[in-house]
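K.L.:
So you can see what is in the structure, the chains are spelled out below.
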Amino acid sequence: MLIKLTGGTVYDPASGIDGQQQDIYVQDGRIIDAPKDGRPVDKEYDLRGKVVMSGAIDMHTHIGGGKGNIARTLLPEDHRQDPVHRTSITRSGNGHAMPSTYVAGYRYAEMGYTACFEPAVLPINARQAHMEMGDTPIVDKGGYVMLGSDDFLLRMMTANKDQKAINDYVAWTLNAAKGIGIKVVNAGGINAFKFNQRKLDLDEKNSHYDVTPRQILQTLARAVKELGITHPLHVHGCNLGVPGNLETTLNTIQGIDGLPMHLTHIQFHSYGTEGDFKFSSGAAQIAEAINNNKNITADVGQILFGQTVTASGDNMRQHANHRFASPNKWVCMDIECDAGCGVVPFKYKDQNFVNALQWAIGLEIFLLVEDPWRIFLTTDHPNGAPFTSYPHLIRLLMDRSFRNDMLATIHPEAQKMTTLASIEREYTLNEIAIMTRAGAARIIGLKDRGALSAGNWADITVYTENSDRQTMFTKPDYVFKDGELVVKDGEVVKVTWGTTHIVKPDYDLSIEKDLKPYFDKYLTMKLGNFKISDDEISEDGRGSLTAHPLRGAA
Amino acid sequence: MTEITEVPSPFCGMGTDDLSIQVDGTTLKVTANGCSVNTPAFEQAIADTVPRIAGQAASLEAATTKAAELLRNTHQPVIGGCATDVNGMRALLALADKSGAVVDNLNFNIARRNLLALQDSGWMNTTLAELKNRCDLLLIVGTDLEAFAPRFFEKYLWNEEAMFLDNTANREIIYLGKAPSGNASTSPTGQKARVLPCADADLPDVAAALSALVKGHLLNAQSVAGIAISELQLIADKLKAAQYGVILWGAAALAFDQAELTVQTLCNIVKDLNQAGTRCSGFPLGGKEGDQTANQVCGWTTGYPARVNFARGYPEYDPYLYDSQTLLSNGEADALLWVQAFNSSALPPKTHLPTIVIARSGMKFEKDPDVFIPVGTPGIDHAGHAYRLDNVVAIRLKKLRDSGLPSTAEVLSAIEQAL
Ligand SMILES: [Zn+2]
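These protein sequences, in sequence, are chains A and B.
1 is the number of the first residue of the first sequence in our numbering; add one for each residue after it.
1 is the number of the first residue of the second sequence in our numbering; add one for each residue after it.
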């Protein structure tokens, strides 16, 4: 079927197109050049006056993996407030802070998103992440595999194994768990908590292993680079949420020796200790460091006010924060000599000084980082806020007077502690398209997604231009996924199943000579049963795998 | 004849995956690492392979069509059992969504003791590999652990080596409440477990006393439920002194009123210890036969564990109201679909309502249900996924033989299509 999207105003930063009117042709799921053979168009959409972008990509959102299910089970009262009825084509479920998987897929698609990436896939529980994402319709998905608090890596580092051996282990794990990148959460800290350490600074040693977080970050960042994995090491830094952690974050940036590094939910790592409350904004210094270090990218993890739940691998910090749980219940787990998790419900309040300033810090970082290709729009769903708040966040970035109206309503002391009112920048549609599409596809290493040039998969979102950007981005007119119309007027009209994006770096098979006895002796699963096979993703007839090339490969 | 090694078991709940199984046609023989739970479950011979409608042999298509017919126009069907693998549970929930059914996991009343504690105040828990490598003190509350999981001690406590213990035989085991039925808890060097027995019904009091002692409160009583306070004080001291203490309970064994409050007390003891500066973790010994699988898949599909009602077009959760046994006995339900792919002796509840049974081959009935469809067992007749009793790790089940039996997922999907 040949589809023609006629006359839309196209924002396709990957192709350098910034608001030009042009036609787009789609055939067999892909975007093609205008056919020259005069073939008839089977279906035409008149998009004159409408804004056309590629499908949005959420590069950091917790949509799969055990902690999400703990969060769901923990909060029945939250679900009761947002029941979702089944329709003739969609499944029932529920939403808000941690929606059920089906509802997450529908709601992402209804907002114009066509791909989502789970950033905390524990290798030992990657199956669950893939099964949950396998039940998340329409959108493509993928995951970053968590290392850095696993005993095997820390044992290797303590034993001074060479970088080559570590690279083999990293590549082996990534293949076994089927991820597209490597994530590290509070490097070594989740592990240290198991030895009863309650905090771990960048240069502090694990009480059992002879390693520091800085060494772990350097080792893993080097592995990622040397293996040719496109996505830089995805780093959830030390000291999340701790006043003064700004210094740790700057130190982390400096200490990575110029290696590519992505700092996630940087808002939670940008705090100073000034002022009466000993809590202040470090946004300016952080933004400056990002501006000056081209090897660094970041997503913000913006908080927005209201009830949510924080679900993190960082059980060391989650345990420390449990006293802020609202409602007052929380879960921490140590998991399989591999990782851990902490789930703490949170209610961010605009009249709470710390929460209000956190809100402002996130926005300051968004607005002070100059290069939209290196900063990404996230709320670290559901940690800062549910992903359904993205249209509101986009309006805050694009509309200064709206932003200042909101600023005027928050805790007065927080207003005094932020420079937000003086920042004039308003994001353009092109910049929004960069941070939510072109830049995201590039940083993840997605070939043929996130752009509208011929050859790309036809993930396309069409909006009606509206000066109220929240309204505009809440309800696209059309969303096409792989060339199929899946959303019309903000509602799902067809349910499809996206693919799972992975990379498959090479490694020396002899790494299993060390791994097999480790599994046999210490773990509870055989090495052979640990590895996820391709058919586990595809056997139900819905899922598929898409492997992306490594850097330097064709 | 072939031998398949590293076979994971869906039966014991421990996710044991070191079994060797000899396959001869459709006959299985466990040749290594079997146990009293796993071996008979694997070796059980295939009995029926043909579906029956009202006792008469029928084709699979006729049986699924008939099942759909029975479910059509019902007002409140109940899907009970829920003993299957992840794909089976996915199909079960799809059918429930479409037919407006109540979904009720057969062991929900047991799992509820944990779920209510979790949903009220949360917990700090651990998993098997952490226990295997870190635990230096295991406090077992109200549970005969080795009867529940025969190989637990051998695999996770008396393992030859642990990463963080010099000698695993030095681990300390304490039973509070129920005494062990055998000697599995005796260490390889002959060190016997400390046992502080009490009646099940007294566990709430004993747990409350221990909680008070952990908090440092003074108790005036000399004993509680026959256990000297000094003995409980010793446990509190040991928990505080442990490197990585673990408090284990099996909710199934806590068969007394408001057992969830005792679970909550245990969870709070763990939290208090961590708050006071010691590492300690809980270990709720989850169920078997797909209990965890049912709750996990229902969790991500609906947001709630596996006792939900789809009658209003969206999932509603009530841990009491949607008890299938109650719905059947008080006349609120009007059809029963029973799913039990693991255990042919786990019969559906007795009812005069139209009944469809999708179960492991060999299930014997007093009176044949309206529709009976024998299905393959996950991990024997088809591949699949199941959750372990620590409720975190999903294991990959293998297909061991070609029996021609359909999977639960295939059968339930066919019914859904026919509906
Ligand atoms: Zn995150």
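No lab work stands behind these hints: they were computed from the structure.
Be a bit skeptical, because a hint or two may be false.
Claimed, not checked - The calculated lysine to aspartate or glutamate pairs, modelled on EDC-like cross-linking and capped at a C-alpha distance of 16 Å, are: (1) Lys521/A with Asp120/B; (2) Lys399/B with Asp535/A; (3) Lys516/A with Asp120/B; (4) Lys521/A with Asp272/B; (5) Lys329/A with Glu6/B; (6) Lys475/A with Glu226/A; (7) Lys399/B with Glu539/A; (8) Lys329/A with Glu161/B; (9) Lys516/A with Asp272/B.
All figures in this text were calculated on a predicted structure; none of them were measured in a lab.
K.L.:
Out of the numbered hints, which ones does the structure contradict?
P.N.:
Hint check: 1, 3, 4, 5, 6, 8 and 9 fail, others pass.
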